[in-house]
Amino acid sequence: MLSPYRVLDLSDERGVLAGQMLADLGADVIQVEPPTGSSGRGVAPFFADHPDESIYWAAYTRGKRGVSCDLEQPRGRELFLQLVDSADFLIESSDVGRMAELGLNYDTLHERNPRLIYASISAFGQTGPKSHYVGSDLAIWAAGTPLLMTGDDDRAPIRVSQPQAWGHAAADAAGGVMLALHARHQSGMGQHVDVSAQVSAAQATLGQILAYQLGASEPERFAGGVKSRGIGFRVSAAVKNGHIVLNMAPGPAVGHFANHAVQWLVDIGALDASLLDENFRTYADRVATGDADPGLFPTIQQAMTEQVAKRTKEEMLAVSIKYDLLLVPVLTIVDLAESTQLEARDFWREIEHDDGRQVTYPGPPLKVFLNGESRAGNEGPPPSLGAAQ
Amino acid sequence: MTIANGLPEDAGPLAGLKVLDLSWIVAGPTVGRAMADFGASVIRVESPIRVDTARVVGPFHGDQPSVEHSGLYGNVNAGKWGLTLSLNLPEAQDIFRRLVMWADIVSESFTAGILARWQLDYQHLRELKPELIMLSSTLLGQTGPYNQVSGFGSQGAGMSGVQHLTGWPDRAPAGPFGPYTDYPAPRFALTALLAAVDHRNRTGQGVFIDQAQAEGTLQLLAPALIDYMNGGRALNRRGNDDPQMSPHGAYPCRPPEGRTESWVAIAVATDEQWRNLAGMIGSEPEQSLAERQGRQTEIEATLSDWTAQRSAGEVEATLQAVGISAHKLSTTEDAANDPQLAHRNHFRRLPHSLHGETVLEGPRYILSDTPAGPVRPAPQYGEHNAEILTDVLGLSDAEIENLAASGALS
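Line by line, the protein sequences are chains A and B. Residue 1 is where the first sequence starts when you use my numbering, and the numbers rise one by one after that. Residue 390 is where the second sequence starts when you use my numbering, and the numbers rise one by one after that.
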């Protein structure tokens, strides 16, 4: 869909996903690196059989072309500026102020190519009191507020073990430049898109970042569930070979799933059939008015915990589908690699690297059909260092 | 054929773009919200019977749960026009088809197969309107053996690997906060939809997008997946440990008055940063990354003793001043008072007919020449039924009465 457009991608490990999203939609994306290679080539993990080659960098440069140029030297700058003349988008994620030092900030390049859409991805934004803070996945997650909400309540808060913060920000940059493209269709002019990873991380709070200002109580962290006003609701349960996520709660929005769970527990003989008369969509209201037994729901939770513990993830997924429960297995990396769902959706890609190796990658995040026909984006290998392609 | 908008148009890069938003909870509505911020006319079709979960999840105005009090619902639906429709009724389906003729984009997140039952899926709608752009967004996608798995995003955290990868290695997975797949998914969908509009305007071709929200989250786990699938190891949850930074974690600080805990995030990425930190906390400065990782327990104990005597804000300022990445773990009160978020005008206040005023987040990026944001709060139940049925579809009062009598609106 984006085949008419060219992207000049100067980003390092902090912004490298943005250009790939555009490449997956068909844009011609040129990854620009210094002759010594991007700092992103030093980010873990590394290929088991090629310990000098960053998997992180390969993961997010797949589908791009590559060019190396030294922006501190006149020849490199000239090559780069020629690329700017034919580019629709430029994406960068360097330390705030670095592009100005190089004489390549938005104002300068806008003068040269007024149609250029220029995105800057940084930890806190291009201006403001924290714009020169040193960012990191963990500090951004802390500043955006999801970090304090995550983890066991008797230990320190924790992040996701595969760093996430820069990915959220880079993905926002891709949306931002597309909005700027539509603005360019109106005005003929490019503009500067300023992405703050702190703001992007706030998306991962489910709107809770607004709690204080709405007069609501602060969210509290609670392992395997959520805690509200000191009461924890566990949504994780142990099964024979791992864990499942299980949402079972009374209430108008999800109570029918609890009704379905009761049906299963009755069918397997773990609960008495008389419990089928209870409706958990209205239960909480009736508990409040004294018309239902507050001890009933905990009994059902207890029965559920005992029964799932005797079964495997796979068995419980089958039950979930048959009875329409809010229950899924907690998949590991190995489970994902072996997922029949992902296989059926043709998710994985075998891509031949420049040295002839076949490497397995996750495919694009969406399936696109033009006039009903499936259409792929750019799915070439990650560019080798120094290969002007 | 272009149908007149019928709704008052907002300014912005997407002015004139018409979106019919049937999606619910968070992942889908967030996409329509972003388009509304930038000028699109977005009609949100909501079931008057089945409550949108976002309406019953907090944070609530005044901490009082109610379907019209949810800050989450408000945050992901601001700027939209609200219509209630019981889509299982033929009368409502007829209204919906007429709205499809109005729309450039249809966005939906029903369980795969539901819309087909009503002949309102893409295959049927493209017969009505070949140039239609449609997003179908579900947890696991439209196809595959598990396409029916009903899921809120917290199921998505399990099915996308994030649940397993968040926690301590010696304990059960803690999981991320909330329905994690709802966070990356809207970014991928928004980008693709805006590309689709551009493509349709150039070529006249219609576009269908099948989004599996879990596959969006897998993009953010790609390094771990590629590692395992190409002969490497399978990543496991590892607390706050990082293979290339140490110390790296959240450390306890002196809590402010009225709170029982406070934390600061510290990420030491280089030997030089470590030497600076070691000098402050009284640890051995000449230690490589591997040595620091080897003595992690001891170093973290020393570091925690030092942070515990200080406020999180003080540690943040002290470490940032010498070039070490640090930030307090902000509470939502801290976020409300964060000078950086204030500088970016991140929190927006809008007049609200029930609450007097409501607060929500601004866009996730600042566009220098076309700054934007929500211009009206999220619709209350059926708030704009009259405007939509009269001004967009041109129904007479009698036709609206008949429609209401059929039960299609309530």
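Careful: at least some of the hints might be erroneous.
[To be verified] To give an idea of the chain B side of the interface with chain A (calculated C-beta under 8 Å), a few residues:
(1) I438
(2) T442
(3) R733
(4) L784
Don't read these hints as lab results, they were simulated from the structure. Ideal placement from N, C-alpha and C gives every residue a C-beta, glycine not left out.
Hint check:
The restraint placing I438/B at the interface with chain A is violated, with a minimum CB-CB distance near 10 Å, outside the 8 Å limit. Nearest Cβ of chain A to the Cβ of T442/B: about 5 Å, under the 8 Å cut. The hint holds. Given hint, R733/B at the interface with chain A, holds; its Cβ is 6 Å from that chain's nearest Cβ, closer than 8 Å. Because the closest C-beta pair between L784/B and chain A is about 30 Å apart, greater than 8 Å, the hint is violated.
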